[in-house]
Amino acid sequence: MMASSAIRTALTWAWWLIMPPFAVLVLRLDAERACAAPYELLPTATAIPALAWLLAALYVAAHALLFAGWLATAIHADALVPPLRTIRAVWGPRTWMLVVTAAIFVLEYWPVPLWRALGRHVVGCAP
Amino acid sequence: MLELLESFRIHAAGRPFLIALAIAVAFGALAWWRSQREAPAAIGTAIAALAIAAIPAYAASVVCYASDDHYFDAAEPTMTIVGWLVAHGQPLYHDPASAERYAHIYGPLAFVAHGAAQRLFGAGIETSKWLGGAAGLIGLAATWLALAAVTTRRRALVLTGSCALVYLAFRNYTFWTRPDALLVAGVAIGQLVAARTRGVAAAVGIGLVSGLLANLKFTGPIYAVPLLLTLAFSGRPALIPIAVSVAGLTAAAPFALPNVSFTAYVAWVRLSAGNGLLLSMLRQNIEWIAFLLLPIASLWFSLPADVRPRDRRWLAGLGALTAGMGAVAVAASKPGAGPYHLLPFVPLVAFAVADLIGERRLFTVDAPAARATLAWTMAAAIVATAWHVSFLRQMREARGRDEAADLTRYLDAHPGVVAQMAYNGYDRPTYARPVLTFRSGLYLIDAPAVQEHQLSRLSLPTATVEAVRRCRTDVWLAPRGTEPFAGPNRYPAVALAPIFPDALRAAFQTAYVADGHTEYFDVWRCRTRPVQ
Numbered sequence: 001m002m003a004s005s006a007i008r009t010a011l012t013w014a015w016w017l018i019m020p021p022f023a024v025l026v027l028r029l030d031a032e033r034a035c036a037a038p039y040e041l042l043p044t045a046t047a048i049p050a051l052a053w054l055l056a057a058l059y060v061a062a063h064a065l066l067f068a069g070w071l072a073t074a075i076h077a078d079a080l081v082p083p084l085r086t087i088r089a090v091w092g093p094r095t096w097m098l099v100v101t102a103a104i105f106v107l108e109y110w111p112v113p114l115w116r117a118l119g120r121h122v123v124g125c126a127p
Numbered sequence: 128m129l130e131l132l133e134s135f136r137i138h139a140a141g142r143p144f145l146i147a148l149a150i151a152v153a154f155g156a157l158a159w160w161r162s163q164r165e166a167p168a169a170i171g172t173a174i175a176a177l178a179i180a181a182i183p184a185y186a187a188s189v190v191c192y193a194s195d196d197h198y199f200d201a202a203e204p205t206m207t208i209v210g211w212l213v214a215h216g217q218p219l220y221h222d223p224a225s226a227e228r229y230a231h232i233y234g235p236l237a238f239v240a241h242g243a244a245q246r247l248f249g250a251g252i253e254t255s256k257w258l259g260g261a262a263g264l265i266g267l268a269a270t271w272l273a274l275a276a277v278t279t280r281r282r283a284l285v286l287t288g289s290c291a292l293v294y295l296a297f298r299n300y301t302f303w304t305r306p307d308a309l310l311v312a313g314v315a316i317g318q319l320v321a322a323r324t325r326g327v328a329a330a331v332g333i334g335l336v337s338g339l340l341a342n343l344k345f346t347g348p349i350y351a352v353p354l355l356l357t358l359a360f361s362g363r364p365a366l367i368p369i370a371v372s373v374a375g376l377t378a379a380a381p382f383a384l385p386n387v388s389f390t391a392y393v394a395w396v397r398l399s400a401g402n403g404l405l406l407s408m409l410r411q412n413i414e415w416i417a418f419l420l421l422p423i424a425s426l427w428f429s430l431p432a433d434v435r436p437r438d439r440r441w442l443a444g445l446g447a448l449t450a451g452m453g454a455v456a457v458a459a460s461k462p463g464a465g466p467y468h469l470l471p472f473v474p475l476v477a478f479a480v481a482d483l484i485g486e487r488r489l490f491t492v493d494a495p496a497a498r499a500t501l502a503w504t505m506a507a508a509i510v511a512t513a514w515h516v517s518f519l520r521q522m523r524e525a526r527g528r529d530e531a532a533d534l535t536r537y538l539d540a541h542p543g544v545v546a547q548m549a550y551n552g553y554d555r556p557t558y559a560r561p562v563l564t565f566r567s568g569l570y571l572i573d574a575p576a577v578q579e580h581q582l583s584r585l586s587l588p589t590a591t592v593e594a595v596r597r598c599r600t601d602v603w604l605a606p607r608g609t610e611p612f613a614g615p616n617r618y619p620a621v622a623l624a625p626i627f628p629d630a631l632r633a634a635f636q637t638a639y640v641a642d643g644h645t646e647y648f649d650v651w652r653c654r655t656r657p658v659q
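Chains as they are written, first to last, in this note's numbering: chain A, 1 to 127; chain B, 128 to 659.
Everything labelled a hint here was simulated from the structure, so no lab data went into it.
The C-beta atom is built at its ideal place from N, Cα and C for all residues, glycine as well.
Any given hint could turn out to be false.
Between beta-carbon pairs, the in silico distance windows are [said to hold, decoys possible]:
hint : chain 1 : residue 1 : chain 2 : residue 2 : range
1    : A       : Ala68     : B       : Val396    : 27 to 35 Å
2    : B       : Asp222    : A       : Ser4      : 57 to 65 Å
3    : A       : Pro43     : B       : Arg487    : 48 to 56 Å
Take a look, some chain A residues computed to stay more than 10 Å from chain B by CB distance [stated by the list, open to error]:
hint : residue
4    : Arg8
5    : Leu17
6    : Ala102
If the Cβ cut is set under 8 Å, some of the chain A residues that face chain B in the computed set are [unchecked claim]:
hint : residue
7    : Leu29
8    : Asp30
9    : Ala31
10   : Ala36
11   : Ala37
12   : Pro43
13   : Thr46
14   : Leu55
15   : Ala56
16   : His63
17   : Asp78
18   : Leu80
19   : Leu84
If we strip away everything but chain A, and leave its shape as in the complex, we get:
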């Protein structure tokens, strides 16, 4: 239990380090999906190798953090899909971080056609 508590603390620190910049990146990518080329995201930045590697590292790190968070919870719950009450029991007052993480990933994995429709019909920015 001591070890799992240390892991949760480490994950919390990692969350503060990774998730805010990842959230900003996701919002920027979604803006591109809605209003610009949906599959050629941030073309100027990703054409510069150093910047592209940095963005890729942030992107992979956010996914690794999500995976680590799920693993820590699933092992504690002893189930592939941990029930909500166990999630709340494991993470306590930090449960909001999971909610925010889930929201960020929903935004990132939201289908591109829906972003295009949003850009075209609601924002009016897509061609």
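With chain A held as given, fit chain B onto it using these hints.
Using the frame of chain A, we list chain B on its own:
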């Protein structure tokens, strides 16, 4: 029905993890509706039936593909031609300023293997295709033999079938002429060596395979790490230096050939490294990693807690596998790459699963985990069906055309003529171009290479334009009704700019004149050199 499947392929087949998730949620809702707390007993049978059926389907697809003398990807003929050139003493990685434009960033073995096959079995399109086909089948057989070392034969067969399902979801990528077929087979053979041999033999075998993998692609060593790790946990860590030494020697061996330059290879790889990354591709790669790792997670939770492996060997292997997949996901986000770079991990994942389940009883606990395993298999089967129906249709359509025979007839009628292919974008008829190089020994322009070079901001050199202006080639054949050397670069990063510069098109128009046609190609001959 076929149109529906095609629409599904285009819009959803690239997202198997989300499909598996959707199926699992549907199963969960159904179980909740029926108040079903335990996994149905038939789950294991359903998974086995779907997976085992994929094995004959995969074998049939390999045979169908290899016995057809058409290519289905623009870079497939490149492998055959450059392999043939290397086997005949021409440089593999030409100078960036030379007139020839065919250098790619694949390792030397990717081409040397094709050259050797053509030396051995005769130059031909089918020879190159059978090399990939044999690699696909041998890789699958090696996987079964490796898995059967740690689990029951039946489970090994089901897991091998699951590998076949994933392979089928990638069209012909595990048996095409590009290096991926050899990479997947190499990893499977390496896994077999790691599972079945011990001591120095294992070290030498794993070292040999690791060296070959490094020689096929610069990402090859990443696939070899989990294999090398098995030596670290064999109780004899002294074997690792032996394996690493053998790997180093094997990787270096092709560079001892006089026409394979290491410095030129590094220069081309470094040039390509500056191409940047596509974040949309990175997302797709990560989704595929989640999909490929899902069976490990679902089966781990399907086992009773007291029999789950928690030893350092298994966990370190899983860690190396996951870290390697993450690294490849980033490298495979380069323009022109994609999730198929993860394919060599498939035999390694299957082995991790086989090692996990062994002969232990499955699906006794955690019903959602059992349902997730079935959902994974169904998602793989659906995606494999969608991709393969499309691929089989493409193969059937190709049978109505015979560009290679058309080129052969033209060359037979004009003995001694040096003919090359004039591209217009990526026209399918140009895929028969190896026939031209087999006769003339010349390969001046490879459109996929030029496209890659343009992406790396390397312009077509003056030497190439001069070679065209001075009629180094007697005849250029362009697909009927197309303008030679027109057409855009397909990479969005270069904003669909023309692949070939105006200078080349002007030189071509100055030096060549239209002179009739064959069944599939317009003939352009040198103005100053009539064709006999």
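Do the hints match the structure? See the list:
no.: 1; hint: A/Ala68 / B/Val396: 27 to 35 Å; verdict: 32 Å, holds
no.: 2; hint: B/Asp222 / A/Ser4: 57 to 65 Å; verdict: 58 Å, holds
no.: 3; hint: A/Pro43 / B/Arg487: 48 to 56 Å; verdict: 50 Å, holds
no.: 4; hint: Arg8; verdict: 19 Å, holds
no.: 5; hint: Leu17; verdict: 18 Å, holds
no.: 6; hint: Ala102; verdict: 13 Å, holds
no.: 7; hint: Leu29; verdict: 7 Å, holds
no.: 8; hint: Asp30; verdict: 12 Å, violated
no.: 9; hint: Ala31; verdict: 13 Å, violated
no.: 10; hint: Ala36; verdict: 12 Å, violated
no.: 11; hint: Ala37; verdict: 7 Å, holds
no.: 12; hint: Pro43; verdict: 7 Å, holds
no.: 13; hint: Thr46; verdict: 5 Å, holds
no.: 14; hint: Leu55; verdict: 7 Å, holds
no.: 15; hint: Ala56; verdict: 5 Å, holds
no.: 16; hint: His63; verdict: 5 Å, holds
no.: 17; hint: Asp78; verdict: 6 Å, holds
no.: 18; hint: Leu80; verdict: 4 Å, holds
no.: 19; hint: Leu84; verdict: 14 Å, violated
Hint compliance for this structure: hints 8, 9, 10 and 19 are not met, and every other hint is.
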